[in-house]
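*Asks:* Here numbering that gives the first Met the number 0 is used: position 317 in the sequence shown is 316, and no number is missing along the way.
In short, the hints are calculated from the structure, not lab data.
Keep in mind that the hints are not guaranteed to be accurate.
Said to hold, decoys possible - Label pairs and their calculated CB-CB ranges:
# : residue 1 : residue 2 : range
1 : Ser196    : Asn431    : 53 to 59 Å
2 : Glu145    : Pro225    : 49 to 55 Å
3 : Ser173    : Leu46     : 52 to 58 Å
4 : Glu230    : Ala404    : 21 to 27 Å
5 : Glu199    : Thr105    : 50 to 56 Å
To be verified - Straight-line Cα separation of at most 30 Å, BS3-like style, residue types lysine-lysine; simulated pairs:
#  : residue 1 : residue 2
6  : Lys274    : Lys150
7  : Lys128    : Lys272
8  : Lys128    : Lys183
9  : Lys113    : Lys66
10 : Lys380    : Lys183
Bear in mind the structure is a predicted one, so any value in this text is a computation, not a measurement.
The C-beta atom is built at its ideal place from N, Cα and C for all residues, glycine as well.
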Amino acid sequence: MSVVIIATTNLHRRSTTALWKSQKRYIEIVESARDAIITIDANQAILVFNLAAEDMFGCTENDAIGKPIERFIPERFRFDHCCTHIHASGYSGSTNHNTPELYAVTGLRTNGEKFPIEATISCYETNGKKTFTVILRDVSERLRTEVALRKSEAQLALIVDEVKAGYWDWDLISHTLYFSSEWKQQIGMDEKEIPNSWEEWRNRLHPDDQESVLTAIENYIAERQPVFDMEFRLRHQDGSYRWIHSRGGLLRDHNNHPYRMLGINLDITDYKKAKELNLRRDSMEKAFRLYVASQTAIAIAHELNQPLTALSSYTDLALTMLPNANKDSQKFSHILKNCSLQALRACEVIQQLMSVLHKGETVIETIDINNSILEALDFIKMNGYLDLGAFKFEMDLADGLPLVAGNGLQIQKILTILLQNGLESMQESGRNTGIITITSRCCADDPSRVHVTVCDSGIGVEDTAALKLIFQPFYTTKSAGLGMGLAVSRTLIEAHNGKIWAEENAGFGISVHFTLPFVI
């Protein structure tokens, strides 16, 4: 009997010690957990309330034990949270070893603040009594981050959409290359019209750009250059080439080996065209100002040479007659002689001015006259010469015209002057709408020349005599301007072995015509 009692006592002591150690480990785990842990009985009274729960709800363990869990749930959510989730865990078979379900609930701190929680509820049954352990995690910061991320993604998507950026993603391991729909649209392709492959992209590079682009990619991946930021041309579906500004970045693995390259493409064709037009405009304006100065000098020389020559002649005559005049003839002769010298010097200065202004050499090249017309229209539209409003351009350009021999900048300037004059004339007419028609064709009476016409519907001229005067230097009907535009245009056309003239239209406005020889 003593042996049995001793054995029983020892067994009880060991069981008690094991239970105490188990409870101690449980308490240590619960208290050290980063998530809030609350255990409640079947009546939803709190049995366990760990340190993380104290921090989460702003309530001490002593104040929470024995109180209903619903005090930590906003009133309007209490039925859903307590009855639905907790009861479901107790009566739907989700007990003991089954994986707990994750719930999204709303918590209530003791200061009245509401906040989002993710919770798991586990039901345990011991000696016929059920307890529920709720593990809760405050997801406020995560949700704020997700909202901020979605907002950033939405803003990025909006920006990408606004700037029409094409996205690309290159897998350096598998050599597959993904193109976004906007990327494909930049070269005139639909989603399924072009394969996502490195070879497809490489083959679309302009031949003159391939070596530099491929070398830059290789150097960037090998860390021989700090950034990948390039401009190159890609072949469009219609066979033309579009200018692309591409910028990319690398993703590297934990060993610093690159495995992906991502980037965006921007179609900058219009920007490049505008930039080129501006450069050509600056060159054209510079050359034009020189010709204006030249023509102005010629006009001034024409007006001054005659009186200066007459002055010199009269002075020489006076010197011839002077010996028989009076006693002061020697002094008077000296004065008149100086007069003659100064008059001759003035003539020489004007001749030197003309010589300097004519020193610039005119570069002759082959010109597609229709392209020159289109570029002149671009100058008018893109460089803000005038507010076009409801005024429009119509073109009737003959196909297959031979090339013209001439200076491209000068011909473009002539066309720009004619178009600008036509627009100003239509605006001065008081009408809100109007059309300028530009035509090109072979001359009817001379197939070796091109015939270009700019026809406006403006105020026209008072009489046919004025049609000849408009090409004279300093002739103008405007309140501002020197009246040298058409005079310079005539000089340039004639220097190209061409002809320019104006005709009054049957209705409104005038038509200005010019001819130029084709390349033989």
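*Asks:* Each hint should be assessed against the structure and marked as holding or not.
*Replies:* Against the structure, the hints come out as follows:
1. Taken as a hint, the range 53 to 59 Å holds for the pair Ser196 and Asn431, whose Cβ atoms sit roughly 54 Å apart.
2. Range check, Glu145 to Pro225: Cβ separation about 34 Å, and the 49 to 55 Å hint is violated.
3. The beta-carbon spacing between Ser173 and Leu46, approximately 56 Å, falls within the hinted interval of 52 to 58 Å.
4. Taken as a hint, the range 21 to 27 Å is violated for the pair Glu230 and Ala404, whose Cβ atoms sit roughly 34 Å apart.
5. Checking the proposed 50 to 56 Å range against Glu199 and Thr105 shows it holds: the Cβ atoms sit about 52 Å from each other.
6. This hinted pair does not check out: Lys274 and Lys150 have alpha carbons roughly 36 Å apart, beyond 30 Å.
7. Distance check on the hinted pair: Lys128 and Lys272 sit about 83 Å apart at the alpha-carbon level, beyond 30 Å; violated.
8. This hinted pair does not check out: Lys128 and Lys183 have alpha carbons roughly 66 Å apart, beyond 30 Å.
9. As the CA atoms of Lys113 and Lys66 are separated by approximately 19 Å, the hinted pair is consistent with the 30 Å bound.
10. A hinted pair counts as satisfied when its Cα atoms are at most 30 Å apart, and Lys380 with Lys183 qualifies at roughly 29 Å.
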